[in-house]
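Number of protein chains: 2
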Amino acid sequence: MKQRLINSNKIIIVFALLLWAFSNESNAQAESPNLVLTFEAVKEIQASIGSVPLFDKSLESAKSFVENALKNPIEVPVPADAGGGYTHEKHKQNYNEMYQAGILFQITGEEKYGIFIKNMLDQYAELYPTLSAHPQGKRQTPGRLFWQTLNENVWLLHTIQAYDCIQEWLSPKDRQNYIDNIFTPMVKFFMIDCSQSFNLIHNHGTWMVASVGMTGYVLGNQDYVQKALYGSDLDGKSGYLAQLDELFSPSGYYTEGGYYVRYALWPFFIFAEAIHNNEIDLKIYEYRDQILRKALYSALQVTYTNGAFIPINDAIKEKTWLSRELIFATNFVFAHYNQDAELLNLVKLQDEVSLTGPGLEVAKALDDISEIPAFTWKSIEFTDGPKGDWGGVGIIRSGDNSDQETLVMKYGSHGLSHGHFDKLTYLFYDQSREIIQDYGSARFLNVEQKFGGRYLDENDSFAKQTVAHNTVVVDEKSQFDGIRDKSQESHSIRYAFSAQDEQFQFMSAKEKNAYKGVKMHRTMAMVNDEKLYRPVIIDVFRIESDQKHTYDLPFYYKGHFIYSNFEYEAFTKTKSVIGEDSGYQHLWKEAIGKPDKTAQLTWWNGKRFYSIVSNTSTGNEIYFARIGGSDPDFNLRNEPVFIIRARADNYVFASVLEPHGIFDPIAEFTKDSYSSFENVQVILNAEDYTIINLKGKNNIDWNLMISNEDNNPESEHKITFNNVVYEWKGTVGIKK
Amino acid sequence: MKQRLINSNKIIIVFALLLWAFSNESNAQAESPNLVLTFEAVKEIQASIGSVPLFDKSLESAKSFVENALKNPIEVPVPADAGGGYTHEKHKQNYNEMYQAGILFQITGEEKYGIFIKNMLDQYAELYPTLSAHPQGKRQTPGRLFWQTLNENVWLLHTIQAYDCIQEWLSPKDRQNYIDNIFTPMVKFFMIDCSQSFNLIHNHGTWMVASVGMTGYVLGNQDYVQKALYGSDLDGKSGYLAQLDELFSPSGYYTEGGYYVRYALWPFFIFAEAIHNNEIDLKIYEYRDQILRKALYSALQVTYTNGAFIPINDAIKEKTWLSRELIFATNFVFAHYNQDAELLNLVKLQDEVSLTGPGLEVAKALDDISEIPAFTWKSIEFTDGPKGDWGGVGIIRSGDNSDQETLVMKYGSHGLSHGHFDKLTYLFYDQSREIIQDYGSARFLNVEQKFGGRYLDENDSFAKQTVAHNTVVVDEKSQFDGIRDKSQESHSIRYAFSAQDEQFQFMSAKEKNAYKGVKMHRTMAMVNDEKLYRPVIIDVFRIESDQKHTYDLPFYYKGHFIYSNFEYEAFTKTKSVIGEDSGYQHLWKEAIGKPDKTAQLTWWNGKRFYSIVSNTSTGNEIYFARIGGSDPDFNLRNEPVFIIRARADNYVFASVLEPHGIFDPIAEFTKDSYSSFENVQVILNAEDYTIINLKGKNNIDWNLMISNEDNNPESEHKITFNNVVYEWKGTVGIKK
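Those protein sequence lines, which keep their order, are chains A and B.
Using this note's numbering, read the first sequence as starting at 1 and increasing by one per residue.
Using this note's numbering, read the second sequence as starting at 1 and increasing by one per residue.
Calculated from the structure, these hints are not laboratory results.
Model, not experiment: these values are computed from the prediction.
Careful: at least some of the hints might be erroneous.
Cβ-Cβ distance ranges computed for the label pairs, FRET-style [claimed, not checked]:
id, chain 1, residue 1, chain 2, residue 2, range
1, B, L349, A, A374, 23 to 31 Å
2, B, Q176, A, D664, 48 to 56 Å
3, B, P77, A, R647, 43 to 51 Å
4, B, E567, A, A374, 49 to 57 Å
With a straight-line cut-off of 27 Å between C-alpha atoms, the simulated DSS-like cross-links for lysine-lysine are [to be verified]:
id, chain 1, residue 1, chain 2, residue 2
5, A, K317, B, K317
6, B, K607, A, K607
7, B, K736, A, K348
8, A, K90, B, K573
9, A, K317, B, K558
10, A, K671, B, K90
11, B, K607, A, K63
12, B, K573, A, K594
13, A, K607, B, K317
14, B, K697, A, K71
15, A, K92, B, K697
16, B, K90, A, K695
No residue lacks a Cβ here, since even glycine has one placed at the ideal position from N, Cα and C.
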């Protein structure tokens, strides 16, 4: 059963169904509960009560939550509101209450919890058949209980677990009532009415199939289970296993990026655990070379040391790896693989475990360990795409967890519906905070006043546009003309990634499809040197075209502007937006500078200064701009950006980003508030090679040399230009 | 000697001089060092090494600092730069190195430290006589080694301590060289050339007299000491004791506010300790009913629970009570008064003690204590002015230190040269952060690119102006026409302060001089109620005038705008500044709303929502504005403000500020993002009484009743208006 079923094979399907029928029969003997929480785990938990502090705490927290629910009248309102609104939040609260009450019913054996669930299900059984499309259902697939089906899937996923916990205690008549009036029509609604979502290779699809599959296990309905695993057509082209195949690259990278993987992992792991407990022969935790384990570790690596998910694509920046969605994944991976003690860092911070067998196991491990080894954030490249050939995401780090530099470059695929037009963009962190930011998404999660908590118009008109990212915009238009389907057709090309030498790490990628007739190639290196406070980033963005274009390279710096070494015209009494569309309409033009030599731009953030020093000359323009134009509802954060503009056919933006100096207002002490770098020049811009020279204080005189066509790390390069010999080995070299 | 000498009395002066002559003689026998570090303390410290962890750590830190200095060549550059520049920072580094080397010389007895100080002093003795006014000396009193004399005072205060530590070891010839070429000319420069500063009742004056007085003790020069204590004319009208008399109110409040007291306490305590060690009979720690103790506690109370000083007047917001300046004060107050264990919270956070006898004592206490009692931030009113009759500052708090609401209202005197035109302004904190902010000052401390680290032009043109504060601006002009001398002539009037009832705390104050012909009276209450998440603030700002004026009330909220319940016109493609002067030129006009009923304005910050709900109606305008106009150097922070505008003669701004709801993006949970308050009305606006009604969800229907003329807390009030009887006791009453 472990092999992929995408190329449908009727014999295998028939075999699978036979196997299912067999295993189902044997499982029919299994005592309930038997989804995520099992009968055996309940026994173990009962035996451990009072001896495992974190488990006890989590159990107490569930008790206090449900006790509070028991005090209040049950309310199952007619659905009316979108996200954040009263009825929306009430139905969310209801499934959480039932879910936790179910667990407590099992662990404590107290009937009051069962009665509570029964009373609530009675009301749902009355309400649900009366519902049609939700009145607030806009844009996305409307549900019945909720404005989007997604929430309704989550409702079922929790409620079926609650039902599983009390089903043996319920009367046959009640069981039949809930099956007939809730579960069957809801599953039918998902499988038939929402068949497109059901078969979608997307995190919304995962929620749907997980909820249906789990309902199948509980009701003994093999049709539900099989379709959940293999898709409506049972051909393995969709369903849970196809999602595991296609949404993750072989390295475990989730194609929608760090923010969404957190959410996606929840149903992936919940359903995995239910499969594990019902169909052990499927070896789900071994599936695709342990893709579930890789998926969790990949998710953890796409965080910064403060735990925040790197906010590429649509992302809410407040989300960290403490998100409750990861509790299950962490518990299950710890228990089903190698009990990795580093995961206990996360468990400790989460300060909560799942009320499951693995949750008990991880809580015991935390109690037993004397010192948890520090979590290792490392330089790592993730490939994108099911086969790992859709480009990727590179992450380069330096320094320990307390104050780590992290550089992220994105050169993968579009990332489905939540993707941005941001190929070759980068983000930079230092001091446990963002220094060069990605805007993330324009959304206030669950805030009713902000378009019901949904993605805002400005998410499309600004946050997704190329100019909202730290990558080159051509002719003030977004990549792929801002059309998702066009972007989804191709991907960037991984060119080089090297992190062996801590003093000189680099990555390099190309993009040839984002703009017609324009080839782009970005190389970024993190260079450490004893002459400097901290590692610096060298950034070489090479563009080739037959035609002249306007190239804009934005830097969304975080902090307060301190200094530029060139004159600029500032718009101090009135100001206007820069452009009319493609995101430019959201940028206020605050100043325009015309540098005549290498530009230095310095800002302050926290205890340091940061400078971008770039190879400008007469002819370049530098915009000082600020997000917030064309925003009548004040939906955008008013944050600053520098944009370096060039008018050219072939062009190289060569910059160094330097963290420097000390700003200590408490000790009233400031040092080195000027950049060490004074001169950045492109020595050679040719088809096969790019050479950059950087000069600065303390006799800094470095050459960065890039082989543009040959990325064999073993190749030796030697070129002579203007009577100087440049020699290096591998794709990118540095000579100091 | 304890009595005040402001009314000079020649007999007392003569007596003082006699006493001095006597005590000096006895001290002549005291072994050096004998300033802040004493000979006896050195013995005790030597005996304790290795047994008091925090003291050992502080000592090690000094060693590693000085060892590093010993490795490098001594450099005493010709002064060239302003704050943040190389020579400025170098001279600061030099005195720190000498100061710490002196202490190490005493404690370790190692000669290398003495040699280091000697070599450095040799260079200063050569350089100093060659210097005239500093080339960067602008605006403020220029020094010789530094651009302002202030830094030079600090240099002397440290260097004389270093000299004291090695003087017995030095040859008589070296001693004479330093006395003749450094100390005497420098003291002469301070006392004669800068006599105006020397006699100033101001923190700069304190640094100067402390450095001169300490030099006097070391050199046995009673002229220096007496003038430092009693002023140039020895009449007690200036000098250290007069500063203790006049810069602090009887409750210990420092007239320049929280930010500057931190800085001022440093020389106050350093000199106090030197006086204590040299003239025990002066009983300096008992002086003026223990004003030094009160000054420290007042400084600690004008912080928020995150340790940040409440940034009224010119203040850098990064400054917290961890500032090293407070280490001495904390150590000395702990040792010389009642060993208050709550102070150990601060000592623990400072993670450093002074290398003095009291430093050793406090480090021992920290080592001995098993559990430190939590520091108590309390609701408290500080009076302002030497006699406590110049108005004051009220602070009302609710909740424990982990998430405390704090409301601050300012109704004191101008606060000398760092004062702002901000009478009756307020600040509000919650969630360990600012919610309604005071801008603080426009300054980047020690950042050379930002006007040498000095106060920026925008500090005068914006930060000090009335419209930069949360108080009413009349006719778009600042209070007192923005003229400091006029503001300094008067002060606001305390009217009521009550914090006994935790459910209903309030304060009230009046201002009659800020605008000619306009009387202002603001009352603010913190009201707790079981119907609400958290205490709310009710804010009643009553204005009386014979003439029609434009009244603007700004609210500098921190967070992201979420919602208003009225239509507004937003300036989305181009925007302009609101006005031409008085700070309005720095405000971008982003939208204008015209409410026709009670206005609700909601924003989001952290895990909560906040709303201001205000008694607007047709005729009011509400500006949405943002700081940052007329700012070609990008010196200002671009932060938002709502301004409610009214055109009236007599008027009442009545508002409630409500923290409400829950925003939890990690748990994807949002609740109550709308304010509970829906209707705020002024029921009665009369000379003697103001009555406000507030209505909202859950049948909230409250009356807030203010007696405008009688502030006797025992008075009973009963009035009938529109057939309703209103009855309460005391200045402000609430009826729910």
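Verification of the hints:
Remark: the range hint 23 to 31 Å for L349(B) to A374(A) is upheld by a beta-carbon distance near 24 Å. A C-beta distance of roughly 38 Å is found between Q176(B) and D664(A), which places it outside the suggested range of 48 to 56 Å. At roughly 46 Å, the beta carbons of P77(B) and R647(A) sit within the given window of 43 to 51 Å. Hint check: E567(B) to A374(A), Cβ distance near 54 Å, so the stated range 49 to 57 Å holds.
Among the hinted pairs, K317(A) with K317(B) is consistent with the structure: their alpha-carbon atoms are about 25 Å apart, no more than 27 Å. For the hint linking K607(B) to K607(A), the alpha-carbon distance of about 26 Å falls within 27 Å, and the restraint holds. Straight-line distance between C-alpha atoms of K736(B) and K348(A) comes to about 45 Å, which puts the hinted pair past the 27 Å bound. Taking the CA atoms of K90(A) and K573(B), the gap is about 41 Å. The hint is violated against a cut of 27 Å.
A threshold of 27 Å between alpha carbons decides the hint, and for K317(A) with K558(B) the separation of about 18 Å falls inside it, so the pair holds. Restraint check for K671(A) and K90(B): the C-alpha separation of about 10 Å stays at or below 27 Å, so the hint holds. At roughly 24 Å between alpha-carbon atoms, K607(B) and K63(A) fall within 27 Å of each other, so this suggested pair holds. Restraint check for K573(B) and K594(A): the C-alpha separation of about 24 Å stays at or below 27 Å, so the hint holds.
Restraint check: the Cα-Cα separation between K607(A) and K317(B) comes to about 14 Å, which is no more than 27 Å; the hinted pair holds. Restraint check for K697(B) and K71(A): the C-alpha separation of about 22 Å stays at or below 27 Å, so the hint holds. Taking the CA atoms of K92(A) and K697(B), the gap is near 23 Å; set against the 27 Å cutoff, the hint holds. For the hint pairing K90(B) with K695(A), the CA-to-CA distance comes to about 26 Å; that is within 27 Å, so the pair holds.
Violation of the numbered hints given earlier is confined to hints 2, 7, 8; the remaining hints are satisfied by the structure.
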